[in-house]
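Quick note, the sequences are listed as chains H and W, same order. Numbered by the numbering used here, the letters in the first sequence go through residues 260 to 822 in order. Numbered by the numbering used here, the letters in the second sequence go through residues 260 to 822 in order.
No lab work stands behind these hints: they were computed from the structure. Among these hints, one or two may not hold up.
In this list, chains with the same sequence are indistinguishable; a pair is considered to hold if it fits within one copy or across any two.
[Unchecked claim] Below, simulated DSSO-like cross-link-like pairs (lysine-lysine); rule was C-alpha separation at most 27 Å, straight line: (1) K621 <-> K652; (2) K316 <-> K621; (3) K316 <-> K822; (4) K822 <-> K741; (5) K579 <-> K353; (6) K621 <-> K579; (7) K262 <-> K741; (8) K605 <-> K551.
Bear in mind that the values here come from a model prediction, so they are computed numbers and not experimental data.
Protein chains: 2
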Amino acid sequence: MKKVVIVGGVAGGASTAARIRRLDEQAQIVMFERGPHVSFSNCSLPFYLSGVVPNSKRLLMMTPDSFEQKHNIDARVNSEVIAINRDEQYVHVKNTVTGDVTTERYDTLVLSPGASPIVPNIPGNNLPHVFTVRNVVDIEKLHNAIVENDAANIAVIGGGFIGVEVAENLRLAGRNVSLVQSASHILTSFDDDMAQLLHKEMLDEGVNLIVGDGLAEIHTSSVVLRSGKEVAADIVVLAIGVHPETKLAAEAGLTIGETGAIAVNENYQTSDSNIYAVGDAIEVYHRLMGKKVRLALAGPAQRQARAAADHMYGIPVTNKGVIGSSSIQVFNYAAASTGLNERTAKQLGLAVEAVYVIAPDKVGLMPSSNPLHFKLIYEVPTGRIIGAQAIGKGNADKRIDVIATLITMNGTVDDLKELELSYSPMFSTAKDVVNIAALVANNLMAGRFQQVRVSDVRRLVEEGAYIVDVREPNEFANGALKGAVNIPLSQLRERMNEIPTDVPVYVHCRSAQRSYNAVMALNNSGYTNVFNVSGSFLGICLYECYRDVTEQREPIVTAYNFK
Amino acid sequence: MKKVVIVGGVAGGASTAARIRRLDEQAQIVMFERGPHVSFSNCSLPFYLSGVVPNSKRLLMMTPDSFEQKHNIDARVNSEVIAINRDEQYVHVKNTVTGDVTTERYDTLVLSPGASPIVPNIPGNNLPHVFTVRNVVDIEKLHNAIVENDAANIAVIGGGFIGVEVAENLRLAGRNVSLVQSASHILTSFDDDMAQLLHKEMLDEGVNLIVGDGLAEIHTSSVVLRSGKEVAADIVVLAIGVHPETKLAAEAGLTIGETGAIAVNENYQTSDSNIYAVGDAIEVYHRLMGKKVRLALAGPAQRQARAAADHMYGIPVTNKGVIGSSSIQVFNYAAASTGLNERTAKQLGLAVEAVYVIAPDKVGLMPSSNPLHFKLIYEVPTGRIIGAQAIGKGNADKRIDVIATLITMNGTVDDLKELELSYSPMFSTAKDVVNIAALVANNLMAGRFQQVRVSDVRRLVEEGAYIVDVREPNEFANGALKGAVNIPLSQLRERMNEIPTDVPVYVHCRSAQRSYNAVMALNNSGYTNVFNVSGSFLGICLYECYRDVTEQREPIVTAYNFK
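Take the sequences, apply the hints, and build the full model.
See below:
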């Protein structure tokens, strides 16, 4: 009878335990959890702050009793594994309530200790109104502190998934929330041209958003940022990032990888083949980056758990690596991404190009139709798709799941262009936005047109480049690039002689559809140096108005227009 | 200067014209449309009946004026092309208002005539209260007739996409609607085990649904069905199906394929290489069936249009064939499918297996979480995915788009199992329902467990088979299979000795998750003949209660339970 000891519950540990039980009715399975809860919905924690999850007890999914009854798994809470004796194959377990230390023998050990929130070494970091969010106990403490003190002002430090979700849910609960992000934009899985729409939404919903600034000191009713700026804060939530929990593994002499997480082989075995490790504490192979990374996501953790269990029982599993797919709700918007963003791809030295399209997520005359902002990143010259980002009030996640699937299957722009997706006016358009992005990329790769990006437009305006706005005059009057010439697409052919042939010509409309038609008309009329502005006026306004948020720039438009 | 004449607007013709213009600024493009509207949202027509589209003018997308102004395309409405002179390359065009006939020369001709609604040859088929739905004029006529006569009772004949959408939108408008479908279930892209959920929804929303019965006669205030049944009908809508419009092509001597639609090669050229054809009038290659089929869908029509235009200009396009992806809203449900259904696959003699899973579409504690019913069809022994169906109140379409992508990329059950999709509690679960279906299929293919289907359960109950219901006693009390033994999963191990080892054992719970754990526990405890019921009690209730709708059967359950 095999005895498996598992360190840590939640996604990684509990999934491993359940799969082992299904493969082996006789195995003795003991799962140790340091905290009082062996299984809870990690990703749902922030939603308790707004009342979307009305009761913190609902965050708990399984109890030691239900593990015992349903799966014959011996789950023990308040039990911290403090040391591993690898030679004799047992662990030391400390009861966190009584302090008693016992030992537990294992044939196979599974480490799923997770990752702990980073607390920066700054003045005030241990004040009682400073919180982190890792588990149900944490979120209850934070919630109680806010409610009991009727805290008016809350500062959330860190604009990653947890920081944004905590900020959003506290804002929905009626608090004054400041969100402080040290990078130049929140949610760095997105590129900065896409993230501005999320900045707009956070600000529109009343979050005091501060980017490009970090935490310097915590005082009793404020935080001071590196810039010297002071932000009112009766409660401070640190959501800066996480450290993989490697202490136990390292002290046992297991190899720690270059990323600082536990190193595992393709079957999730550590440097000791009797010890597996899964979840946020390990490093995983990123198939697009070609190297090991840390990726704290629930989906991959569950797959690792199952793969580790399968390997223990001789079931072959192909390790396909990770690509990093994720999604998040930001107030009224859905935002999702997969694969590499453009910034990372370029940092890695990959030869990539990107297109940014804005298209209706459903047929325009359906009541819930909204623009979907979609960015596709692909390798040149192969056309292999390596990433995408989608943001909109509709189903951004659906589009990203299609791209995640294509990336996994080594799909190209050409595959995406031809992809036959399900269509009904209520759910999409006959040519979905993902198809449209691929068509644009395909035309670009074939050299049928050229593009510039929204990030290039300020320079072009300042240089006095020749910019044609092909929207209708009423749209032009409501906000346009300074110096742009308004020649509506509907007048382009009769007024083409106004456009010079001896200088580069840059063309935009609202969402790049009309301008693309104009660019092609010019290209096929002898113009040789014409560029479409990818992202067009809507993208330009977002990029210029919300980038860096607090930085003041001379507007390059007569008025911003986000419609 | 090339002159292209296009017969028919809407998805096929208008898309061809626009792409040609983008590729060739000089081409002369003339587009003839028989009706008064050159471009409208075909798939949105039914939504005018409920007021979701408040004004029929909004269904119109482009006018001859906007084609002229934006694309320099000469679009002529009320112009029916009545004959083709292939030798001298011109067409005869009849003005449907004046009756005048003129000719128009072409270098290249594109046929996009579409398909016309079938009107069965039965008594009463030409009465003035009988309608079909093909274009804006049709839907206005139907709408006006209903409103002007305040028609109380409407019979919709045909349970395909148009029939279901017309029935739903008329029901939403407060009419008494009967929907008559000759097949045993509506929406035959679904298998009958999945379609029952849609039957339930139609009935719950007050549609008088009749399946397995056809139209025999139309009277002034009723229709008589083949069974002799009479259904009140002040208005009759025929939505039985469509005929490809092949008359023009056939009379010009172009080859008509075995399916009865216009035959084209891989570049959408007809048997005359100067004549292309696209859209609902042509037959296309189904890559999963390995043969030509008719497929009247807007997405493929647009891709064909673009491919035809590209081929005219020497741009290579890979024809990947079609797989048949579609989606539809049915009141509160979204229903989507792709690839082959199980019925068709088996008719074709393919070796397939299918799994039916019911899982939350979002994390269970999120307010909008609902069960998603998902069926995956795959080839054995290869595991190649060949179809899927999804129905639920959430995003069924998103799951089907993932499968459509996998099918196109020749993905397998193993690929789907490992697929890293975007996850947030608001949008999905860490292991999405599509991953779960693949895991079930993977276990099944590996021989780790066996299953029976909901369609087998009646026979098993009647034979007195040994059926174990592993739900909790309170669930069992609210409806259970007659003769089933209730041994909750939580008591399985202590009561396993009650389960005989010498007969087949069939196990179910509500949604097959708990029963799967029970099956594995039995399999790993020496039982050799244990079967999980795919679809479980929820699927059984739907199948038994709503199949054939009007047929009375002795219940095999003590009470139906759809929660």
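Okay, the hints, checked on the actual structure:
Both within a single protomer and between protomers do K621 and K652 lie at most 27 Å apart by alpha-carbon distance, with minima of 11 Å and 17 Å respectively. In this assembly of identical chains, the alpha carbons of K316 and K621 lie at most 27 Å apart only when taken from different copies (19 Å versus 38 Å within one copy). In the homo-oligomer, the alpha carbons of K316 and K822 lie at most 27 Å apart only across protomers (23 Å), although the nearest pairing inside one protomer, at 42 Å, exceeds that limit. For the identical chains of this complex, K822 and K741 are intra-copy neighbours only, at 19 Å inside a copy versus 60 Å across copies, given an alpha-carbon limit of 27 Å.
Proximity of K579 and K353 under a CA criterion of 27 Å is satisfied in neither setting, with 37 Å inside one chain copy and 61 Å between copies. For the identical chains of this complex, K621 and K579 are inter-copy neighbours only, at 25 Å across copies versus 33 Å inside a copy, given an alpha-carbon limit of 27 Å. Taking identical chains as interchangeable, the C-alpha atoms of K262 and K741 are never at most 27 Å apart, the minima being 72 Å within one chain and 40 Å between chains. Taking identical chains as interchangeable, the C-alpha atoms of K605 and K551 lie at most 27 Å apart only when both belong to the same chain, with a minimum of 18 Å there against 45 Å between chains.
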